[in-house]
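The hints should help you fit chains B and C onto chain A, whose structure is shown.
As they're listed, the protein sequences go chains A, B and C. Under my numbering, the first residue of the first sequence is numbered 4, with each subsequent residue one higher. Under my numbering, the first residue of the second sequence is numbered 77, with each subsequent residue one higher. Under my numbering, the first residue of the third sequence is numbered 482, with each subsequent residue one higher.
Hint data in this document are derived by calculation from the structure and do not stem from the laboratory. Hints may contain errors.
What the hints assert, rightly or not - The calculated lysine to aspartate or glutamate pairs, modelled on EDC-like cross-linking and capped at a C-alpha distance of 20 Å, are: (1) K398(B) to D185(B); (2) K401(B) to D135(B); (3) K119(B) to D218(A); (4) K119(B) to E62(A); (5) K96(A) to E164(A); (6) K414(B) to D390(B); (7) K119(B) to E407(B); (8) K398(B) to E127(B); (9) K119(B) to E216(A).
Said to hold, decoys possible - From chain A, some residues computed to sit far from chain B (all C-beta separations above 10 Å): (10) L10; (11) A81; (12) V171; (13) L211.
Claimed, not checked - Ranges of calculated distance between the beta carbons of each label pair, as one might list FRET restraints: (14) S666(C) to L10(A): 19 to 25 Å; (15) I651(C) to N161(B): 37 to 43 Å; (16) L70(A) to R235(B): 52 to 58 Å; (17) R182(A) to I651(C): 50 to 56 Å; (18) L529(C) to R61(A): 49 to 55 Å; (19) S666(C) to R182(A): 43 to 49 Å; (20) F359(B) to L45(A): 19 to 25 Å; (21) D490(B) to S136(A): 48 to 54 Å; (22) T530(C) to R182(A): 33 to 39 Å; (23) A131(B) to L45(A): 45 to 51 Å; (24) N161(B) to R61(A): 33 to 39 Å.
Every residue, glycine too, gets a C-beta built ideally from N, C-alpha and C.
Single-letter residue listing:
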Amino acid sequence: MKAAPRLILLSLLAVLVLLPYIWMVSVSLKPRSEVFSATLSLIPQDWAAAQNYGRVLREIPIGRYLLNGVFVCGAILAFQLAFAIPAGYALAKLRFPGRGALFAFVMLGLLVPAHVPAIPLYIAAANAGLLNSYTALIAPFTISVFGIFLFRQFFRAMPDELLHAARVDGMNEASVVLRVVLPNAWPAATAFAIFSVVAHWSDLFWPLIVVTEGDLYTPALGVLWFRAEEAGDDYGALMAAAVMVTAPLVIAFLLAQRRFIEGMTMSGLKG
Amino acid sequence: MTQTFAPTRRLLMLGSGLLAAPSIARAQTVAITAHYSMPAIFKAAQDAVLEAFHASQSDVRVTYANPTPSYEDGAQLLLRGAATNQLPDVTFQGLNRMRLFAERGITRDLRPYLAAEGNPAELGYSPPLLAIGFQGGQQAGLPFAMSNPIAYYNVDLFRRAGLNPDAFPTTWDGVIEASRRIRALGDGVEGMFYRWPGDDWMFSALLFGFGGNMLTPDERDVAFTGPEGLGAVRLLDRMVKEGGMPNFAGTADLQAFAAGKLGMMFRTTAQVRGISESVGRNFELRTTIMPVIDPVNGRLPTGGAGAMISARDDNRARAAWKFVKFATSAEGTTLMVKNTGYVPTNQIAIDDPRYLSDFYRDNPLFQPATRQVGIMKPWYSFPGANSVRVTQVMVDNLARIAEQRATPEQVVADMATEVRRLLPRA
Amino acid sequence: MLTGPAMLAYLAMLLVPTLAVVVLAFTDFELGMPGFRWVGFDNFADLLTDRTVAASVRNTALYVAIVTPASILAGLGLALLIESGLRGKIVFRAIFFLPVVSLMVAMATAWQYLLHPTIGPVNALLRMIGLAGPNWLGSSDWVLISLGAIGVWENAGFNMVLVLAGLTAIPRELYAAAEVDGARSAVARFRLVTWPLLGPTMLLVTTITTIRSIRTFDTVATLTQGGPNKASEMIVWTIYQEGFSFLRMGYAAALTVVFLIVVLVVMLVQTRIIEKRTHYA
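Next comes chain A alone, as it looks inside the complex (with noise of 0.2 Å):
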């Protein structure tokens, strides 16, 4: 295709896409009465920029909470790798007795919705004193049936010979994961790790399960602070806090999109 339609047609496209974050970010620099109009205006009359994202600071300690992200999120995605690189291996390249049965679990896992297991999992952190703590944020997360599923994906594509050669070298099981399956699956982890790390960030069910006190509340949260149905949400605050929650994000995939991209290649994704 030429240069021109091409770019012309993603430009669209893309403003399309960017419409709702367009007007986020323009809401979170408005007054209140500025918000809704009858001409679409991105432009505030008067900035509130400095009271609108003030006020996120003021009332809530972002700070904080943006933390308890990176540590829940970075800490639920090393238990995640951990657990599903091994389990991945072996769903795609040994061959045991229930292997069907377990892969069947795998997709079974897929489908239950977060809310199902939630109150027996509550229950159970609530009788362990687990509650308002770290790990009862981390826990219940250790285990991605998705990521599972993605590094079988991965695994299956991975040569066979290359795996052969290490046994023949005369490593057991253990150090062939160690030394050849490990240093193999960064691109996948990294795939993997940018869907996991979006998804807890964005958590808004669980946290609130389990934090009732203290500030261990997840970045996400902070921006329910300033809903407030019955009275009508400040919109401007809500806003403010939803570009600051969001916006490590965006900064982290643009970092991160190069050896994303490639890890997602080399897995071959080949079913």
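Same frame as chain A, but now just chains B and C:
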């Protein structure tokens, strides 16, 4: 702390019994936790109440658990807490959910505490105010912040349509006629919106306005199949047919109103602050009381939050009562009103101009709700396991009116059948 | 051995809690009630006559039927368009990925405004070309289509990324070879090289997108709450509302069990087909 002070106390007691008293009091300080929802509305009020409470006495110290974003989240927190013994000692819950907790035995009946205080009226708990918190056969809670539906209108659109903004219609016939004329301005301007979606609250405003009830007094059968219920649904039907009322979803009505494209809006008074900020200087906003349907028997439902005691331990429950009593006192309710704009919940603060007359003089938009205090009655909570689900059935059926897919007669009949199925089987 | 830790975590965090919920399906358990009674298959019998469940199943099926193919095609189209040139690749990838990281709780307000029947920019645009826009989120005829469009907005970026990965895995030499073999036009090369080699990727994308759209929850919860009159009622929202809003845990559990069984059967059939196709390829 208490341990460290012990020897000192013993010494003092040897010396002087009088001096010992304050120390003993300090030793008995009870620490309790409280929980509320919707910090965006209530945080300032709760912080002010807490500060004043701590300044007023030293026996009880209150700390807040993290506030939940909505009443629904707050209710879930309490129900989960009941399953795991993680309950706060005081909780502020939506008025329509108090019955649910009372029936499940999660919160305490406040009658013994009130009885111990003597005459409740002297504390400002008048019979109608107590009735708001009397749910499921017990004094489930005391109202902390009350709201009722009011009318919001755009003065500029009234003028442009040749209507007198100083004489807002006092009947629904007048409102529907005004809606037609505002709508005739064209350019996407809508006349009116009556906020029927979400829950059954605004529908009950019409039903109660006719003097009707949701259920029969023994709560065995529906009571809205008579002329009152049919009248309420027919009225909604006329708003759509004759008043050209659009079918706004979510907060579309608030958005259109703020943009100056909606003439009249009927919604809770709790929105006054938010709406006036959204309107800014875009046009002149006024509020007024709801049109009257039945001047004798007509009533309006009460929304808002009530204070409940969920402490398991008797000692903590006594401390919790002290906080609840303060939060709903004339002083507490004054702080609440000044920080939120909700209707005061203590008769002394309502009657005595020292408390709030300045506030209402400076904030006239908040006044109409207080003028309707005399006709407020509880937001009805349905009995039994399906109490919340019932309200969804009503909203779903009213949507058929809003979309003009069923007649009022059909809707009332279907609503009755479906609600009956969800009532407790005797 | 290697699946050990994963299976342990799977058991503790997913399977056991889910099985506990399955047990609840045979009780009348309610959140906040001290005890419960065994009710056998009563909850399942009630499901059959429940108007909400019927609407929910129908809407979910329709939604999946719209959103899955549309967002796969959108993802494929975007990926091909981005890869067909050199300039702006990084920027466009990032832009189209943005909806994946959106916070629906904040985006809901934006969508309500953009799709507002009278003051919304979308209908303002339609008016400019002489069309009267519908009441996107308020009309029971349009609401599912509107949610579907937002679903495509959310999923297209996700799919684009997966397709991009599949595309870059295709060896460049194959295109050169195809050209030598007479595939002059871009369309011919697409049919000869890209599509067959992308096959496995597309099947994976289909699986993931199907799962994601079946589990749609956030948009329903923040934008329509299933209304008007159940026109946007979807299955995970119904489960949530029965269990958490209406507090009928036992009933919600029964609904979950049926949902899992039905979808698992569908997925297994789909996997069979995928595995078969892969053998051909």
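Going down the list of hints, with the structure as the test:
1. For a cut-off of 20 Å, the pair hint linking K398(B) to D185(B) stands: about 15 Å separates their Cα positions.
2. In summary, the hint linking K401(B) to D135(B) is supported, as the alpha carbons are separated by about 14 Å, within the 20 Å threshold.
3. Taking the CA atoms of K119(B) and D218(A), the gap is near 16 Å; set against the 20 Å cutoff, the hint holds.
4. At most 20 Å may separate the alpha-carbon atoms for a hinted pair to count; K119(B) and E62(A) meet this at roughly 10 Å.
5. Straight-line distance between C-alpha atoms of K96(A) and E164(A) comes to about 12 Å, which keeps the hinted pair within the 20 Å bound.
6. A C-alpha spacing of about 33 Å is found between K414(B) and D390(B), which places the hinted pair above 20 Å, so the restraint is violated.
7. For the hint linking K119(B) to E407(B), the alpha-carbon distance of about 17 Å falls within 20 Å, and the restraint holds.
8. Distance check on the hinted pair: K398(B) and E127(B) sit about 14 Å apart at the alpha-carbon level, within 20 Å; holds.
9. Distance restraint check for K119(B) and E216(A): the Cα-Cα separation of roughly 15 Å lies within the 20 Å cut-off, and the hinted pair is therefore satisfied.
10. Listed as a non-interface residue, L10(A) keeps its Cβ farther than 10 Å from every Cβ of chain B; the least gap is roughly 35 Å.
11. Taking the minimum C-beta to C-beta distance to chain B, about 27 Å, the non-interface status of A81(A) holds against the 10 Å cut.
12. The claim that V171(A) is not at the interface with chain B holds, since no C-beta of that chain comes within 10 Å of its own (minimum 55 Å).
13. For L211(A), the shortest C-beta to C-beta distance to chain B comes to about 6 Å, within the 10 Å cut-off, and the non-interface label is violated.
14. Look at S666(C) against L10(A): about 21 Å separates their beta carbons, and that is inside 19 to 25 Å.
15. At about 59 Å, the beta-carbon gap between I651(C) and N161(B) misses the expected band of 37 to 43 Å.
16. Between L70(A) and R235(B) the beta carbons are some 54 Å apart, a value that agrees with the proposed interval 52 to 58 Å.
17. Separated by about 30 Å at the C-beta atoms, R182(A) and I651(C) break the suggested range of 50 to 56 Å.
18. Checked against the given bound of 49 to 55 Å, the beta carbons of L529(C) and R61(A), roughly 54 Å apart, stay inside it.
19. For the pair S666(C) and R182(A), the supplied restraint of 43 to 49 Å holds, since their beta-carbon distance comes to about 48 Å.
20. As the Cβ distance of F359(B) to L45(A) is approximately 22 Å, the hint placing it in 19 to 25 Å holds.
21. Between D490(B) and S136(A) the CB atoms are about 49 Å apart, so this pair conforms to the stated range of 48 to 54 Å.
22. Distance hint check: the CB atoms of T530(C) and R182(A) are about 60 Å apart, inconsistent with the given range 33 to 39 Å.
23. Separated by about 47 Å at the C-beta atoms, A131(B) and L45(A) satisfy the suggested range of 45 to 51 Å.
24. Checked against the hint of 33 to 39 Å, the C-beta distance between N161(B) and R61(A) comes to roughly 35 Å, which is consistent with it.
Checked against the numbered hints given earlier, this structure breaks hints 6, 13, 15, 17, 22; the rest are met.
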